[in-house]
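Note that the protein sequences, when read in sequence, are chains A and B. Residues 1 to 311, numbered by my numbering, are exactly what the first sequence covers, in order. Residues 312 to 691, numbered by my numbering, are exactly what the second sequence covers, in order.
Rather than coming from a laboratory, the hints here were simulated on the basis of the structure. None of the values given here were measured: they were computed from a predicted structure. Ideal Cβ placement from N, Cα and C applies to all residues, glycine included. Treat the hints with care, since some could be wrong.
[As the list claims (entries may be wrong)] Label-pair restraints from in silico Cβ distances: (1) A:E117 - B:I640: 53 to 61 Å; (2) A:Q131 - B:N574: 42 to 50 Å; (3) A:P89 - B:N574: 38 to 46 Å; (4) B:V554 - A:P89: 22 to 30 Å; (5) B:V554 - A:V109: 31 to 39 Å; (6) A:G39 - B:L634: 33 to 41 Å; (7) B:L681 - A:T68: 33 to 41 Å; (8) A:Q131 - B:V554: 24 to 32 Å; (9) B:F625 - A:G137: 49 to 57 Å; (10) A:G123 - B:L681: 56 to 64 Å; (11) B:G667 - A:Q131: 26 to 34 Å; (12) A:G108 - B:L634: 44 to 52 Å.
[Stated by the list, open to error] Cross-link-like lysine-lysine pairs, in silico, BS3-like; alpha carbons within 27 Å at most: (13) A:K288 - A:K230; (14) A:K230 - B:K601; (15) A:K152 - A:K140; (16) A:K113 - A:K54; (17) B:K601 - A:K54; (18) A:K223 - A:K213; (19) A:K54 - A:K112; (20) A:K133 - B:K329; (21) A:K230 - B:K329; (22) A:K113 - A:K140; (23) A:K54 - A:K213; (24) A:K54 - A:K152.
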Amino acid sequence: MAVLECRDLRKTFGDRDAVSGVSFFIDAEETYGLLGPNGAGKTTTISMVCGILKRDRGEVHINGQPLTTRSVDPKGMIGFVPQDLAIYPDLTARENLAFFGKLYGVRGVPLKKRVDEVLEIIGLTDRANDQTKEFSGGMKRRLNIGIGLLHKPELLVLDEPTVGVDPQSRNAILESVEVLSGEGMAVLYTTHYMEEAERLCDRVGIIDEGDVKAEGTRRDLVKMVGTNDKVLLEATGHLAPAAEAVRSVPGVVDSSTSDGTITVIARDAASALSDIMAVVATAGAAVKNVTVDEPDLESVFLHLTGRALRD
Amino acid sequence: MNYLTIAEKDLRQRLRDKSFFVLGIVVPLALTLILSNLIPGDDTDFSTTLVVVDLDGAGTGEQLMGALSDSSLEVESAETREAAVDLINDGSANSGIVIPVGFSAATQSFSPAEIEVLGNPGAQISTLIAEAVASGLASEVETVQLAIAATGGADPLGTVDAVGQTPSPITLEEVAVGDRQLDFVTYMSIGMAIFFLFFTVQFGILSILEEQRDGTMARLLAAPLSPAELLVGKSLSSVTVGVVSMAVLVVGSTLVMGADWGNPAGVVILSLAGIFSAMGIGALLGTVAKTAEQANSYAAIVAITLGLLGGAFFPVAQASGALAALSRISPHSWLLRGFGDNTGSGHMRDVLIAAGVVVLTGLIPGAIALSRRDRMGVTT
Numbered sequence: 001m002a003v004l005e006c007r008d009l010r011k012t013f014g015d016r017d018a019v020s021g022v023s024f025f026i027d028a029e030e031t032y033g034l035l036g037p038n039g040a041g042k043t044t045t046i047s048m049v050c051g052i053l054k055r056d057r058g059e060v061h062i063n064g065q066p067l068t069t070r071s072v073d074p075k076g077m078i079g080f081v082p083q084d085l086a087i088y089p090d091l092t093a094r095e096n097l098a099f100f101g102k103l104y105g106v107r108g109v110p111l112k113k114r115v116d117e118v119l120e121i122i123g124l125t126d127r128a129n130d131q132t133k134e135f136s137g138g139m140k141r142r143l144n145i146g147i148g149l150l151h152k153p154e155l156l157v158l159d160e161p162t163v164g165v166d167p168q169s170r171n172a173i174l175e176s177v178e179v180l181s182g183e184g185m186a187v188l189y190t191t192h193y194m195e196e197a198e199r200l201c202d203r204v205g206i207i208d209e210g211d212v213k214a215e216g217t218r219r220d221l222v223k224m225v226g227t228n229d230k231v232l233l234e235a236t237g238h239l240a241p242a243a244e245a246v247r248s249v250p251g252v253v254d255s256s257t258s259d260g261t262i263t264v265i266a267r268d269a270a271s272a273l274s275d276i277m278a279v280v281a282t283a284g285a286a287v288k289n290v291t292v293d294e295p296d297l298e299s300v301f302l303h304l305t306g307r308a309l310r311d
Numbered sequence: 312m313n314y315l316t317i318a319e320k321d322l323r324q325r326l327r328d329k330s331f332f333v334l335g336i337v338v339p340l341a342l343t344l345i346l347s348n349l350i351p352g353d354d355t356d357f358s359t360t361l362v363v364v365d366l367d368g369a370g371t372g373e374q375l376m377g378a379l380s381d382s383s384l385e386v387e388s389a390e391t392r393e394a395a396v397d398l399i400n401d402g403s404a405n406s407g408i409v410i411p412v413g414f415s416a417a418t419q420s421f422s423p424a425e426i427e428v429l430g431n432p433g434a435q436i437s438t439l440i441a442e443a444v445a446s447g448l449a450s451e452v453e454t455v456q457l458a459i460a461a462t463g464g465a466d467p468l469g470t471v472d473a474v475g476q477t478p479s480p481i482t483l484e485e486v487a488v489g490d491r492q493l494d495f496v497t498y499m500s501i502g503m504a505i506f507f508l509f510f511t512v513q514f515g516i517l518s519i520l521e522e523q524r525d526g527t528m529a530r531l532l533a534a535p536l537s538p539a540e541l542l543v544g545k546s547l548s549s550v551t552v553g554v555v556s557m558a559v560l561v562v563g564s565t566l567v568m569g570a571d572w573g574n575p576a577g578v579v580i581l582s583l584a585g586i587f588s589a590m591g592i593g594a595l596l597g598t599v600a601k602t603a604e605q606a607n608s609y610a611a612i613v614a615i616t617l618g619l620l621g622g623a624f625f626p627v628a629q630a631s632g633a634l635a636a637l638s639r640i641s642p643h644s645w646l647l648r649g650f651g652d653n654t655g656s657g658h659m660r661d662v663l664i665a666a667g668v669v670v671l672t673g674l675i676p677g678a679i680a681l682s683r684r685d686r687m688g689v690t691t
């Protein structure tokens, strides 16, 4: 049974369809990414999944239990990490964790023990008793995630947790999510960063204009735009003979020249690159710069929507 | 039990940001103390000494002194006008009356006669009292003259006696203060307490909007608790803040300033009614405002307006018709009336009526707010 199953979620604000028929599921121990640009409908979808926002149509089931805004038990199985910071600045990190832990039914000694564990996970043990208004942005972000973990949810929902975070904290957050998904938690992760989706997610749903355009593993999605890599060689000298010679390299599908660049299409650029470079040099061309374009989720998004993720 | 967790968290926040101590306890107590010392109340002792100079020596002065001895005035006599002036100048007396030589003879012969009033520019009230006494004496003489004239001059002495035995048509009596009147310190204590009660309680209920502003509302709505638990938790913290604030102010003003709050049961009933009213009005403001900052501004404006209108600072109920009538929409007005009944010889029935009206002033806006609760982010 899927931990989360959404069917035909729809939400309209005024005359704008924010979400129009989103369906997906997440199995236990699976990390599912919703990848899409700002305004694609990711947060609206998550708000309906967590029972924060009343949906116009559709169904949400958590471990088979239907979830609405009034549900209590299904909500207890979800750990929610909102995009914006959702912590009390005048409470300490420990008090913030304990408060939300109590709301999820964790009390007494288990609560104290779990708070200590989470403080350790998010690296705030030494600042546990400081009011969070004294924290840096990265520390607040980590606490924001820690609150979602406290009751050991079966489904962890993270809504763009790395937005506005410095690179160091961002990496720490991504590592934390990797650890959590490795511990058997199902994770729903929304982002508009292609690299994060590729790094963290077992399956990805490409969402745009309130609709999931395609979903699957990275491999499945990349297949939609082809599997070949593109190698661009900026070079001087005898470019045409070099391009002709490169075609004899195993794994190279095609090659061409234009504007001082040799373009090589290869099945696996990484394994063929050294042979390509040797052949080009032998043919009398001097390479100044090499660029390898592998098909990625950005390409997939471009292919599906005609727009770049950050447009 | 989640409502207890929410209430506990809210109270911890209120205690930590000091607003509860400042608005709920320190400011009302300090203002009561300052205002009750700054403005003399009706319990301030007032005394004045009137010096009488009887140059006439024909009994009028004696009669006057005898009449005044029954009043609350202190009366002294002086031999000469100069002696009376000296007494006034050195502060031994505040004002004086000089009955001139031949005063009695002049009045009996229907000739003009004058009474001189000695005053002190620094004691205007005492001077006014002396003028009033002199006017009273002149009226009495005039009455006798009219009576003699009416009898055609026959048996003038008998007529004077008859007039003297006739009860004065108007008498002044020192009467007990009415039932709904509060002494000044108690009035200010109650006024300040209920005025700031609305601030502390309303700010508590409006913390729902602060949860929205700080992003924590989304987390609360995602948590396994019902909207009712959230509202009950928020309300519970507001009630607790209100009860603690009122309790400290009642005890503090009683012990420190000698305020008389009356029957403890009435104090509890009226305080709870006031808290309920503040919560209902605060909740309605929360559904009208778009942001926490806007809501807090509205709450302050409404609390000040209702406080002034209801007489938290001065007794508006005794003002002219329109303002007095308008003051009846203010819960503060009914609370003051209820506390007045509670401290005087009013019945518990009167206290309950006032409390009931106060509850209504919270129930109506509260019901409207409940029907618009989605505007505060509490979706169902």
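Here is what the structure says about each hint:
1. Distance hint for E117 of chain A and I640 of chain B: a CB-CB separation of about 56 Å, consistent with the stated range 53 to 61 Å.
2. Q131 of chain A and N574 of chain B have their C-beta atoms about 44 Å apart, which keeps the hinted 42 to 50 Å range intact.
3. Taking the beta carbon of each, P89 of chain A and N574 of chain B are about 44 Å apart, inside 38 to 46 Å as hinted.
4. Between V554 of chain B and P89 of chain A the CB atoms are about 27 Å apart, so this pair conforms to the stated range of 22 to 30 Å.
5. For the hinted restraint 31 to 39 Å between V554 of chain B and V109 of chain A, the CB-CB distance of approximately 32 Å keeps it satisfied.
6. For G39 of chain A and L634 of chain B, the hinted distance range of 33 to 41 Å is not satisfied, since their beta carbons lie about 54 Å from each other.
7. Under the hint 33 to 41 Å, the C-beta atoms of L681 of chain B and T68 of chain A, about 20 Å apart, miss the expected range.
8. Range check, Q131 of chain A to V554 of chain B: Cβ separation about 27 Å, and the 24 to 32 Å hint holds.
9. Take F625 of chain B and G137 of chain A: their Cβ atoms lie about 51 Å apart, and the range 49 to 57 Å holds.
10. Checked against the hint of 56 to 64 Å, the C-beta distance between G123 of chain A and L681 of chain B comes to roughly 44 Å, which is inconsistent with it.
11. With their beta carbons about 44 Å apart, G667 of chain B and Q131 of chain A fall outside the hinted range of 26 to 34 Å.
12. One distance hint, 44 to 52 Å for the beta-carbon pair G108 of chain A and L634 of chain B, is violated here, with the actual separation near 58 Å.
13. Pair hint K288 of chain A plus K230 of chain A holds up; C-alpha atoms about 17 Å apart against a cutoff of 27 Å.
14. For the hint linking K230 of chain A to K601 of chain B, the alpha-carbon distance of about 53 Å lies beyond 27 Å, and the restraint is violated.
15. Pair hint K152 of chain A plus K140 of chain A holds up; C-alpha atoms about 20 Å apart against a cutoff of 27 Å.
16. Between the alpha carbons of K113 of chain A and K54 of chain A the distance comes to roughly 35 Å, so the proposed pair goes past 27 Å and is violated.
17. For a cut-off of 27 Å, the pair hint linking K601 of chain B to K54 of chain A stands: about 20 Å separates their Cα positions.
18. Using a Cα cut-off of 27 Å, the hinted pair K223 of chain A and K213 of chain A holds, with the two alpha carbons roughly 15 Å apart.
19. Under the criterion of a C-alpha separation no larger than 27 Å, the hint pairing K54 of chain A with K112 of chain A is inconsistent with the structure, at around 34 Å.
20. Simply put, K133 of chain A and K329 of chain B have alpha-carbon atoms about 16 Å apart, close enough for the 27 Å limit, and the pair holds.
21. In summary, the hint linking K230 of chain A to K329 of chain B is not supported, as the alpha carbons are separated by about 64 Å, beyond the 27 Å threshold.
22. Note on K113 of chain A and K140 of chain A: the hinted pairing holds, with a Cα-Cα distance of about 21 Å set against a maximum of 27 Å.
23. Of the pairs offered as hints, the one joining K54 of chain A and K213 of chain A holds, with about 23 Å between alpha carbons and a cut-off of 27 Å not exceeded.
24. A C-alpha spacing of about 25 Å is found between K54 of chain A and K152 of chain A, which places the hinted pair at or below 27 Å, so the restraint holds.
Going down the numbered hints, you'll see the structure goes against 6, 7, 10, 11, 12, 14, 16, 19 and 21, while the others check out.
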